[in-house]
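Engineer: Mind docking chain B on chain A? Use the hints.
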Amino acid sequence: MIYKKIYLLVFLLGVVLISQARSEKNETYEIRGRVYDKDTKEMLIGATIYIEEFRTGTATDGYGSFLLHLPRGKFHLQISYIGYKTQKEVIEVIGKQDVAFYIERESQKIQDVTITAERSDENLKRTEMSVEKMKIQQIRQIPAFMGEVDIIKAIQLLPGVQPAAEGTSGFSVRGGNMDQNLILIDEVPLYNASHFMGFFSVFNNDAIKELELYKGDIPVAYGGRISSLLNVKVKEGNGTRWQGSGGIGTISTRFAMDGPINGDTTTLLLAGRIFNAQLYLLAMQTQTDQVNGVNLFFYDINAKLNHRIDKQNTLSINFYNGWDAFNQSVAKFGYGNTAGSVSWMHSYSSDVATKFTLLYGRYGYRTSASFNDASGFVWNSNINDYGFRLDNTVLLDSENTIKFGFSSTYHRFYPGLIEPIGSESIFSEYELFPNLAVEWGIYGSNVQQVSERLTLKYGIRFSIFQNVGPGTVYNFDTNHEATDSVTYSRGDVYNVYQGLEPRIGVIYQLNEASSVKASYSRTRQYIHMASNSSGGTPFDIWVASNQNIKPQIADQAALGYFRNFWFNQFEGSVELYYKEMHNTIDFKDHAELFLNRKIDGEFRIGDSWAAGAEFQLKYNFERLNGWVSYTLSKSRRDIPEVNAGVVYNSPYDKPNNVGIVANYKLNDKWSLSGIWVFASGTPMTVPAGFYVQDNVLQLYYKDGDRNKVRMPDYHRLDLGLTYSMPAKPGKRWAQELNFSLYNAYGRHNAWSINFVRDEETNRIYAEKTYLFSFIPAITYNIKF
Amino acid sequence: MKWLFNIFRIQQQVIFRMMAVFLLLLMISCTEEMELEPAAYVKNIIIDATLTNENQYQLVRLFYTQSFTDDSSKMVEAAMVTVTSGDSVVRFIERDTFPGYYFSEIPFAGEPGKTYHLLITNVDINVDGEWDVFEASATMASALEMDSVTYTYIPQWKATSLNCYAWDPQERNYYNFIAWVNGVMVTDSLFEYNVTNDDQFNGNYTNGVTCQFLQDEKEYEHIENGDTLTLEIDNIDLAYFNYINSAQKEYNGYNPMFGGLPANVSSNISNNAIGIFRVYTVSKKSCVVKGLVR
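Protein sequence lines, in the order shown, are assigned to chains A and B. Numbering-wise (my numbering), the first sequence opens with residue 21 and increments by one. Numbering-wise (my numbering), the second sequence opens with residue 119 and increments by one.
Isolated chain A, as found in the complex (with noise of 0.2 Å):
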């Protein structure tokens, strides 16, 4: 029944916005066409199209193609794309016409320089506010962690972005958990996005083309997150020769292929990453027996198939799988995420388009000990996504793009499910409750050019929520005591949240040189990590929204001031923004997470808010190019029954923020590169009295003094060093080493603060525990 009615809904909110936008048009004409790489004849998502005498224009979409209106009579076209050369083209409008640009490469370098995604000005005109786009090739210009470029490190350094903790992966978006972030991999939710204890991300740079990250101002087609979305790409294959790339580098040995497998019109993307860990472990085990008999690895395999029926019709299927394993002699760990989806996407005409996609994501973790005969387990938890996603896209005219669609998700989390090993172990097979649940969304949005300065955004999703049976679900008093528990059979639909989730924008341009931005969106979040962690743990347990925990729902408004100068060289902004949060979540005092059938009594809900100003000035000249940005904000949470009811600071809560990017080319083949991050630090508890008991030192803290201090502030500067060995005339390979530092000036930033107590002296002090002093690396990479 469900289906039927959204169905239906889906198709009168098309009509209902379809009805509404339409307008009188001028007398015009459609030309619509496609942009394409010269040598390779892939397909450019992203390239911008710049009518000079309008002083406007368009971008291709995810389809590759663009849709001008243009009057009768002759006109001067710029197309241009990251890493590609701008090209000027004059087209002749008599009537509707279809167009293929072909653009050509700026080097064959591993590395291209420029750091302008988009058109100059693009910035300025933008129907988004509050999003950051990045290509593969900028992330690569930026010194990486260990030499590893890693394009969740490389969004740690945008304004309202923070990492978890140093080193880590994970990250918070203007003050918001790590859980509310949705990752995707072309269109499939990861559930945790790294590798060796969060350290490094899944995401293989060798196989990514581009990121874009949702700060606020989701766009309307995606929910499901309160806080952000990224939304990662992986490369097309080229249509026209197989090419590779790859490297060897201080953490992994990477390599990459595409091309075609069917003249141009079928193509492959080829990927691989694993861990040089035995380096180590050989290196290490003269120095230390600890990692004798200890086995360790990571890996990532990313594949796309490309596949163009005909000129309406493009099939693509991608696939990544990565796992970690650490294995010794009595146990053993690994985790893991596998990510696939396939789309279909059909252009109906020139002005309608639409994508259907099918989706599967796991992700899954298992441990196994054996000490003796008695004590032999293996345990086993997972999550599992499938799902399904319509995507329509109606150019209506010259003023008015429509997208509608509907999603669905049928998520299973599998907490754990513990088995003996042997006929000898003592252990029952024991089993957490699964969790199934079905998550709807449908949704309809409208981009409306009202006049030249003034463009409206304005859509709304509607989201359902359904708990599925089998489950057991147990009742609390209000003390968060289990009462009883309630089982539901098969198919039972038990617990059911929806909602309406509004999102508008409006951007005025003052002038050619300026524009302001605000936008307004609702946000809701049916599935939660529970954690204990700040940073993150491959242990960490995603639970459903049922009887017991409440959807968490986000407001989130902005306002954002952007002006470009010199020649668009520099690009300023401004953003403040203010989020209100509801049914945020934290946990009791030790509460305990795993292996707990009544793991919501340990839930603790309340309201957060979150407010801030970012400023970010980028700039962009033929050998400099990087930002300045800074960040004040503040993030509170209210939650009755913790910290003795007073409201505290978020656990992200960094109200002084500074990043510094900058890459410089000495000449074509050394280029330099800079980061310098600062930030205020970690909110923390310290104590107020303490007392020895069993023998041990305890510490006491006193109700409301939850990160009440914080750590010392964080700064850190990287440094790279790029030697790029272009490909000589008639040759291929092309070659590269990088040299990278990491907090090149050492600074023993904190990732924790204990106080302990000295064993000869019984005082009792600060100790401060800090990962990293400063770490070079060095990469080798090749292309060809």
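Treat the hints as calculated values from the structure; they're not laboratory data. Where is the CB? At the ideal position from N, CA and C, for every residue including glycine. Please note that a few of the clues may not be correct.
Unchecked claim - Straight-line alpha carbon distances no greater than 27 Å define the calculated DSSO-like cross-link-like pairs of lysine-lysine that follow: (1) B:Lys367 / A:Lys352; (2) B:Lys161 / A:Lys722; (3) B:Lys367 / A:Lys722; (4) A:Lys608 / B:Lys367; (5) A:Lys722 / B:Lys192; (6) A:Lys788 / B:Lys367; (7) A:Lys618 / B:Lys367; (8) A:Lys728 / B:Lys367; (9) B:Lys161 / A:Lys608; (10) A:Lys375 / A:Lys61; (11) A:Lys748 / A:Lys61; (12) A:Lys728 / B:Lys161; (13) A:Lys94 / A:Lys108; (14) A:Lys352 / B:Lys276.
Stated by the list, open to error - Partial selection, computed: residues in chain B whose CB lies under 8 Å from chain A: (15) Asn162; (16) Tyr369; (17) Pro380.
What the hints assert, rightly or not - Computed far set for chain A versus chain B, every beta-carbon distance over 10 Å: (18) Lys58; (19) Glu124; (20) Leu288; (21) Ser369; (22) Tyr434; (23) Asn495; (24) Asp575; (25) His602; (26) Trp753.
Structural biologist: Same frame as chain A, now just chain B:
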């Protein structure tokens, strides 16, 4: 490092181990002393009361939190302490030579199944002229019947495991394991306790599962042929189980990866007091070391 049969703890150990190896590989992670002001001193009482099924003088210890600037011990003297069960009332008397230590006026043994109430009065924490009253209740669990205890020397770990053979009763149980060598308790500190509930093996035969470890590197745990090894299993209640778990978390400290946020150790005593009224049964079984070759 202990690899015991608490599954959660094993998993934690795996993570710690993985993390340790990673940091070792990178030759990073160091500690150093730093300047950081604690919060202004807050005085509160700590109540440490123990009652077991062993016939002995039962003990209640009362003391105050200490200031970082004045770390002299502050015992709570001249309090009134009683433990009641049904109609029976036992007074606890402060020893002159041990201020703050209150012993039952007579030796007695707690009885499994009985609920005991602790009452402490005549304490004025804030010196405001009004007595503060503290209460706690706990029920003694039944004693675990052990069939036997064995030991296994594990050369690669340079440690000896103590293994237990017993039927776990059908009801929900919480256990704390303690090791003795030649009549001396050697795992007597909080970080050496090992607790588990029986969620994953309820009603099963323990079949020689490892319950405690003796480590060669520790003087009192370095065993030789002829030594008597004793495994003590305390059948504890949920409050004591929570106390040990939370106290161990606090003792281990905090970092962004593990542990959450600092908080006061879990207590089962009223009026916001810190501490624990631990009521439990003690079971012991021993074995003698023979033919040990390192």
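Engineer: None of the hints should be skipped; say for each whether it holds.
Structural biologist: Hints and how they fare:
Under the criterion of a C-alpha separation no larger than 27 Å, the hint pairing B:Lys367 with A:Lys352 is consistent with the structure, at around 24 Å. A threshold of 27 Å between alpha carbons decides the hint, and for B:Lys161 with A:Lys722 the separation of about 9 Å falls inside it, so the pair holds. Restraint check for B:Lys367 and A:Lys722: satisfied, since their Cα atoms lie roughly 18 Å apart, inside the 27 Å limit. For the suggested pair A:Lys608 and B:Lys367, the alpha carbons sit about 14 Å apart, so the restraint of at most 27 Å is met.
For the proposed pair A:Lys722 and B:Lys192, the alpha carbon gap of about 18 Å is at most 27 Å, so the pair holds. A threshold of 27 Å between alpha carbons decides the hint, and for A:Lys788 with B:Lys367 the separation of about 18 Å falls inside it, so the pair holds. Straight-line distance between C-alpha atoms of A:Lys618 and B:Lys367 comes to about 20 Å, which keeps the hinted pair within the 27 Å bound. Note on A:Lys728 and B:Lys367: the hinted pairing holds, with a Cα-Cα distance of about 21 Å set against a maximum of 27 Å.
With a CA separation close to 23 Å, the supplied pair B:Lys161 and A:Lys608 stays within the 27 Å bound. With a C-alpha separation of about 22 Å, the suggested pair A:Lys375 and A:Lys61 falls inside the 27 Å cut-off, and the hint holds. Proximity of A:Lys748 to A:Lys61 is assessed by CA-CA distance (about 22 Å); at most 27 Å being required, the pair is judged to hold. Our distance criterion of 27 Å between C-alpha atoms is met by A:Lys728 and B:Lys161, whose separation comes to about 19 Å.
For a cut-off of 27 Å, the pair hint linking A:Lys94 to A:Lys108 stands: about 13 Å separates their Cα positions. The hinted pair formed by A:Lys352 and B:Lys276 meets the criterion: a straight-line CA distance of about 21 Å does not exceed 27 Å. Satisfaction of the interface hint for B:Asn162 is found here, the shortest Cβ-Cβ separation to chain A being roughly 6 Å, below the 8 Å cut-off. For B:Tyr369, the interface hint holds, the least distance from its beta-carbon to any beta-carbon of chain A being 5 Å, beneath 8 Å.
Proximity of B:Pro380 to chain A holds as hinted, the smallest CB-CB distance being about 5 Å (cut-off 8 Å). Taking the minimum C-beta to C-beta distance to chain B, about 44 Å, the non-interface status of A:Lys58 holds against the 10 Å cut. At roughly 43 Å, the least C-beta separation between A:Glu124 and chain B is larger than 10 Å, which holds for a residue marked as non-interface. The beta carbon of A:Leu288 sits about 34 Å from the closest Cβ of chain B, which is more than 10 Å, so the claim that it is off the interface holds.
Its beta-carbon lying about 53 Å from the closest one in chain B, A:Ser369 satisfies the requirement of being farther than 10 Å from that chain. For A:Tyr434, the non-interface assignment is confirmed: its Cβ lies about 16 Å from the closest Cβ of chain B, beyond the 10 Å cut-off. With a minimum CB-CB distance of about 19 Å to chain B, A:Asn495 clears the 10 Å threshold, and the non-interface call stands. For A:Asp575, the shortest C-beta to C-beta distance to chain B comes to about 27 Å, beyond the 10 Å cut-off, and the non-interface label holds.
Against the 10 Å criterion, A:His602 stays outside the reach of chain B, whose nearest CB is about 22 Å from its own CB. The claim that A:Trp753 lies off the interface holds: its Cβ sits roughly 32 Å from the closest Cβ of chain B, which is beyond the 10 Å cut-off.
Of the hints listed earlier, there is not a single one the structure fails to meet.
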